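From first to last, the protein sequence lines stand for chains W and H. So for the first sequence, the numbering used here puts the first residue at 15; every next one is plus one. So for the second sequence, the numbering used here puts the first residue at 15; every next one is plus one.
There may be inaccurate statements among the hints.
One copy or any two copies: either way a pair holds, since identical chains are not told apart in the list.
[Said to hold, decoys possible] Quick list of in silico lysine-lysine cross-link-like pairs, DSSO-like style, CA-CA up to 30 Å:
1. 103 x 204
2. 250 x 178
3. 268 x 103
4. 45 x 239
5. 272 x 51
6. 199 x 103
7. 178 x 272
8. 51 x 103
9. 199 x 230
10. 230 x 272
11. 45 x 204
12. 45 x 103
13. 204 x 51
14. 178 x 103
15. 272 x 16
16. 272 x 199
17. 45 x 178
Simulated from the structure, these hints should not be mistaken for lab results. This one's a predicted model, so the numbers in the text were calculated from it and none came from an experiment.
2 protein chains.
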Amino acid sequence: MKVRRSDRLIDMTRYLLERPHTLIPLTFFSKRYESAKSSISEDLAIVRRTFAQRQTGILETVPGAAGGVRYIPIMGEDEAENFIAAMSKRLSETDRLLPGGYVYLSDLLGTPSVLRQIGRLIATQYREAHVDAVMTVATKGIPIAQSVSQYLNVPFVIVRRDSKITEGSTVSVNYVSGSSARIEKMELSKRSLPANSRVLIVDDFMKGGGTVNGMKALIDEFNAKMVGITVFAEGKFDGDRMVSEYTSLIRVDKVDTKANTLHATAGNFLDQNRQLLEVAGQ
Amino acid sequence: MKVRRSDRLIDMTRYLLERPHTLIPLTFFSKRYESAKSSISEDLAIVRRTFAQRQTGILETVPGAAGGVRYIPIMGEDEAENFIAAMSKRLSETDRLLPGGYVYLSDLLGTPSVLRQIGRLIATQYREAHVDAVMTVATKGIPIAQSVSQYLNVPFVIVRRDSKITEGSTVSVNYVSGSSARIEKMELSKRSLPANSRVLIVDDFMKGGGTVNGMKALIDEFNAKMVGITVFAEGKFDGDRMVSEYTSLIRVDKVDTKANTLHATAGNFLDQNRQLLEVAGQ
């Protein structure tokens with residue numbers, strides 16, 4: 015039975031949102047709704063316009079016999095600025111300050127709406143980077159990796175500091191923990207990352223950059239390629255960071271453990287990514 | 015400017031999908047699209063019909079001045095059966111068998127499409143359970159907890175076996191690891207779970223049930239209430255399980271470490287939840 019336009023638009027929207035960065039042939043929709051390709055093209059033009067106006071994302075058209083449409087999630091500049099400002103405010107809350115100048119983040123990194131926004135924001139940055147896998151280190155980086163992986167629609171892999179029997183054979187590297195200058199070890203299941211993968215590193219918090227540096231070494235061991243590093247928050251660090259090129263959404267710029275206060279502000283994300291935050295309108 | 019119906023339907027669908035289990039007043043949409051409430055009601059009737067037909071979920075209407083609509087994600091029975099059959103097949107793959115009869119799951123639990131389906135399936139089971147928080151234990155349960163939390167739109171909390179400075183003050187319990195009969199310790203950040211919360215426990219794999227039992231003890235320590243236990247896979251266990259009431263999506267029923275083979279089949283999920291898997295039609 016032929017499906018009405020209104021029903022097609024609703025189901026099409028849902029179908030596309032669940033499959034970001036995936037090429038879907040027009041013939042698929044044509045069959046699904048028993049409708050002519052010309053009608054489907056008109057539908058998609060409406061979806062494209064609404065997605066652009068509401069800054070939901072870009073609906074790319076790939077022409078030709080092997081073509082179709084592809085939904086690319088984007089966060090617009092206004093929404094990105096508002097989100098980062100809101101998070102900076104949350105991270106400045108006094109009761110987040112922990113002994114040693116650490117910051118409590120578990121509530122934010124367990125909240126679905128926050129994770130959706132972090133994921134969409136970081137996926138916007140790497141939307142043209144052809145990422146094959148997102149990498150993070152257990153435990154607190156996982157929610158971020160998973161959310162980015164949903165919006166880029168690629169797998170994520172979890173590096174561990176402790177050995178677990180459930181990972182099978184692993185490859186391990188030693189790394190210098192930047193904050194404490196200790197030698198530590200991290201490992202990744204051997205079968206989790208194919209050679210030549212393009213890997214995006216994400217984490218919740220970066221101080222000296224030692225952990226991120228360890229992940230870079232692991233990527234080399236797998237003969238894979240790192241395409242970028244983005245952390246939710248960077249902390250204050252006195253001395254040379256082990257990583258120079260990275261992106262941070264938030265920067266904790268003042269920590270006073272005596273007065274028990276801290277302050278957070280925007281990281282370098284916005285300045286680095288202005289261009290990518292613009293949704294091409296019609 | 016008044017927004018056309020087609021544009022409204024697309025944006026409304028997106029808006030609802032991103033906010034499951036959230037009551038949205040009709041006046042919100044009416045303002046957002048500068049359209050009469052009667053038009054919005056008609057729009058929502060179309061969305062409701064399409065969501066039901068495509069088994070996307072239920073669009074609940076709450077009447078009255080404080081009313082509105084609420085999107086409840088559901089997985090239909092057919093899709094649930096197909097997904098569980100597909101996963102059983104994947105879990106029967108010989109190369110997943112690890113020493114000690116463990117099963118390698120990290121690839122599946124790092125794949126966005128698999129996690130979306132697990133999340134939607136478990137959220138279907140607890141859609142009327144008024145869950146306040148999803149609980150799991152680090153590391154491998156996290157992706158499942160996060161995905162369920164997205165579809166129920168409630169926070170998730172991560173119990174840890176190792177102490178980390180970034181969690182602040184914690185509450186800990188000792189528990190007996192069922193598989194190895196060792197006494198171990200797990201802890202949860204004190205501020206992460208309010209008293210009287212209704213908590214859903216999820217995990218990736220259950221053998222003796224010791225870990226799940228530990229989480230039950232933790233929930234008691236927080237004066238919270240457990241509303242259910244659902245695991246992705248249950249393994250073979252000789253002896254009495256420490257947990258009797260639980261749901262499993264998959265059951266690994268045969269493991270032969272000598273011949274290096276294993277076999278998985280459907281767990282008790284489908285039998286327990288037939289009724290909840292039916293999407294109320296028009």
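Indicate which option fits the pair residue 45, residue 239 if close means a Cα-Cα distance not exceeding 30 Å: within, between, both or neither.
neither (39 Å within a copy, 48 Å between copies)
Checking residue 268 and residue 103: alpha-carbon separation at most 30 Å within a copy, between copies, both or neither?
Cα proximity of residue 268 and residue 103: one copy only (13 Å, versus 53 Å across).
Tell me, please, which holds for residue 45 and residue 103 at an alpha-carbon limit of 30 Å: within, between, both or neither?
between (49 Å within a copy, 29 Å between copies)
I want to check one pair: residue 178 and residue 272. Are their C-alpha atoms no more than 30 Å apart within a copy, between two copies, both, or neither?
Between copies only: 22 Å across, 39 Å inside.
Quick one: residue 272 to residue 51, C-alpha cut-off 30 Å, is that within a copy, between copies, both, or neither?
The answer is neither: 67 Å in one copy and 56 Å across copies each exceed 30 Å.
Alpha-carbon proximity context of residue 51 and residue 103, limit 30 Å
neither (49 Å within a copy, 36 Å between copies)
State whether the alpha carbon distance between residue 272 and residue 199 is at most 30 Å within one copy, between copies, both, or neither.
neither (33 Å within a copy, 32 Å between copies)
Intra/inter-copy verdict for residue 204 and residue 51 if alpha-carbon distance must be at most 30 Å
neither (45 Å within a copy, 57 Å between copies)
Up to 30 Å CA-CA - residue 103 versus residue 178, copy category:
Answer is between: at 24 Å across copies they meet the 30 Å cutoff, but 38 Å inside does not.
Between residue 272 and residue 16, at a C-alpha cutoff of 30 Å, which is it: within one copy, between copies, both, or neither?
neither (70 Å within a copy, 56 Å between copies)
Pop the pair residue 45 and residue 178 into one bin, within, between, both or neither, using alpha-carbon distances up to 30 Å.
The answer is neither: 47 Å in one copy and 53 Å across copies each exceed 30 Å.
Checking residue 230 and residue 272: alpha-carbon separation at most 30 Å within a copy, between copies, both or neither?
neither (35 Å within a copy, 38 Å between copies)
The structure fails hints 4, 5, 6, 8, 10, 11, 13, 15, 16 and 17 (numbered hints given earlier, in ascending order).
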